[in-house]
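First residue of the sequence shown: 1, per the working numbering; consecutive thereafter.
Treat the hints with care, as some may be off.
[Stated by the list, open to error] Straight-line Cα separation of at most 25 Å, BS3-like style, residue types lysine-lysine; simulated pairs:
(1) Lys-151 x Lys-96
(2) Lys-26 x Lys-437
(3) Lys-194 x Lys-214
(4) Lys-32 x Lys-20
(5) Lys-156 x Lys-194
(6) Lys-297 x Lys-242
(7) Lys-373 x Lys-428
(8) Lys-166 x Lys-229
(9) Lys-151 x Lys-214
(10) Lys-340 x Lys-260
(11) Lys-156 x Lys-428
(12) Lys-340 x Lys-20
(13) Lys-405 x Lys-297
(14) Lys-151 x Lys-88
(15) Lys-405 x Lys-428
(16) Lys-260 x Lys-333
(17) Lys-96 x Lys-166
(18) Lys-364 x Lys-151
(19) Lys-166 x Lys-55
(20) Lys-55 x Lys-405
(21) Lys-297 x Lys-364
(22) Lys-214 x Lys-166
(23) Lys-368 x Lys-428
Read the hints as simulated data drawn from the structure, not as lab findings.
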Amino acid sequence: MSVVHNSEIARLVKTDYNLKDLQNIKLLLEEKGTFNFPVLDNGLFPAATVADQTKYTGYAAVWIRDNVYVAYSHYLFGETSIVINNIKSLFQYFQKHQIRFENIINALVTPDRVMERPHIRFNGENLQEINQSWEHAQNDALGYFLWFSCKLISNKILEPTQDEIKILALFPLYFDAVSYWEDEDSGHWEETPKIEASSIGVVVASLKALKQLKIDYPHIFQNCRYQDKLVTIELLDNLIQKGTDALNKILPSECVQQNKERRYDSALLFLIYPLEVLNDSMAGVILGDVINNLQGKYGISRYLNDSFWCRDYTDLPESIRTSISTEREQWLKENQRALKQGEEAQWCIFDPIISTIFGMKFIKTQRKEFLEKQILYLNRSLGQITAEDFQLGGFKCPELYYLEKDNYVPNDATPLLWTQANLRIALKIMEESLRLK
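Could you build all of it, start to finish, from the sequences and the hints given here?
Listed below in structure tokens is the structure:
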């Protein structure tokens with residue numbers, strides 16, 4: 001049975017559900033504000049709901065990636081106005097700072113100058129960049145924006161202006177300029193740059209989505225260009241092929257570069273859902289890799305030997321807690337605080353994704369074992385919701401659980417909107433499965 005931290009939720013968790021059972025869970029979570037998404041006036045979402053004591057996390061800022069996931073969950077629920085406000089503001093942000101793309105496309109800036117690449121984290125209130133050293137080389141974040149924009153246009157939710165089409169044209173040209181298929185980026189976890197499959201896969205999914213739009217709406221996208229550089233089907237095919245070839249060499253690993261190898265990484269789950277960029281065979285291998293190597297009692301680690309929110313993390317100096325990973329790992333090493341395997345933080349964003357993946361399998365095949373796994377991972381997700389007496393409030397979705405002394409507790413980035421979004425999706429797919437049962 002899954003660990004369930006909240007006693008009220010524990011009374012509703014079962015190993016088999018009907019629609020009424022699920023409705024009772026959803027009503028409780030809605031009543032308790034679990035799915036409250038604070039939103040800025042312009043429609044952008046901060047990474048987390050931040051209290052005075054958790055401002056130090058910096059999670060009041062806006063991340064491109066997180067915003068796409070939160071907006072995507074609203075899209076699945078048909079909450080169109082929320083989605084449009086969000087995506088339009090992201091377009092405005094990219095328009096405001098499009099020089100970042102142009103300088104790299106025109107070879108005025110080399111990709112290794114990461115602070116001069118498009119910033120993937122910024123001040124959402126005024127769309128200004130944040131003057132702090134950061135690992136902004138994150139092709140996945142840019143890929144998510146392109147992928148989601150194309151999805152909204154394809155489904156006739158977003159009617160792009162000519163200016164917005166010009167912004168979209170910058171993305172494939174930028175990915176070409178940085179040679180994304182062999183570009184060392186910092187990826188989902190904003191860490192030491194390396195050539196990583198999870199980033200390449202997001203970009204491949206986004207380029208495929210843009211190619212489909214070019215085919216389906218040639219009259220809209222005939223002028224998809226930047227200056228004299230036209231985004232053609234041939235260009236997109238070439239970029240997609242280069243990314244696909246790279247994935248074929250790297251997967252099911254995250255990275256195979258010498259001295260940077262990473263065999264398992266939970267970010268690869270996102271290539272299965274929501275991106276659906278992998279075949280069933282590779283998706284099955286990656287799903288098994290994560291479950292068998294990264295799954296813990298309270299959540300799922302991002303990767304082995306992850307030092308972010310490692311044991312007794314709040315004892316670290318604040319400047320180290322909020323610094324980039326290379327500085328944190330250097331400090332831990334110098335202070336004899338090296339991480340022990342098995343003491344990694346266990347994250348809460350992955351269990352709902354795994355539940356959703358098994359749910360999609362059940363909906364497709366009606367096989368009972370997939371429904372059982374869908375329920376198992378939904379229950380793990382529900383179990384992660386904070387207890388009533390948690391210091392930042394009960395019924396919250398944490399970013400992760402970490403070891404404080406000898407107990408796993410939620411970290412200060414609670415509630416994390418990305419976790420909320422993923423759990424909300426998992427509940428929706430669970431309802432779809434139960435309607436077929």
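Now for the hints, and whether the structure bears them out:
1. Lys-151 x Lys-96: 23 Å, holds
2. Lys-26 x Lys-437: Roughly 19 Å separates the two Cα atoms, so the pair holds.
3. Lys-194 x Lys-214: Not OK: Lys-194 and Lys-214 at ~31 Å, beyond 25 Å, violated.
4. Lys-32 x Lys-20: Answer holds: Lys-32 to Lys-20 is near 18 Å, not above 25 Å.
5. Lys-156 x Lys-194: 37 Å, violated
6. Lys-297 x Lys-242: 39 Å, violated
7. Lys-373 x Lys-428: Measuring from Cα to Cα gives roughly 16 Å; hence the hint holds.
8. Lys-166 x Lys-229: 11 Å, holds
9. Lys-151 x Lys-214: Satisfied, since the Cα-Cα distance of roughly 12 Å is no more than 25 Å.
10. Lys-340 x Lys-260: Judged against 25 Å, a Cα distance of about 19 Å means the pair holds.
11. Lys-156 x Lys-428: 22 Å, holds
12. Lys-340 x Lys-20: Cα-Cα ~44 Å, so violated.
13. Lys-405 x Lys-297: 17 Å, holds
14. Lys-151 x Lys-88: With a Cα-Cα distance of about 14 Å, the restraint between Lys-151 and Lys-88 holds, given a limit of 25 Å.
15. Lys-405 x Lys-428: 36 Å, violated
16. Lys-260 x Lys-333: 18 Å, holds
17. Lys-96 x Lys-166: 13 Å, holds
18. Lys-364 x Lys-151: The hint holds at about 22 Å.
19. Lys-166 x Lys-55: Measuring from Cα to Cα gives roughly 36 Å; hence the hint is violated.
20. Lys-55 x Lys-405: Roughly 23 Å separates the two Cα atoms, so the pair holds.
21. Lys-297 x Lys-364: 29 Å, violated
22. Lys-214 x Lys-166: Holds, because 13 Å separates the two Cα atoms, which is no more than 25 Å.
23. Lys-368 x Lys-428: 18 Å, holds
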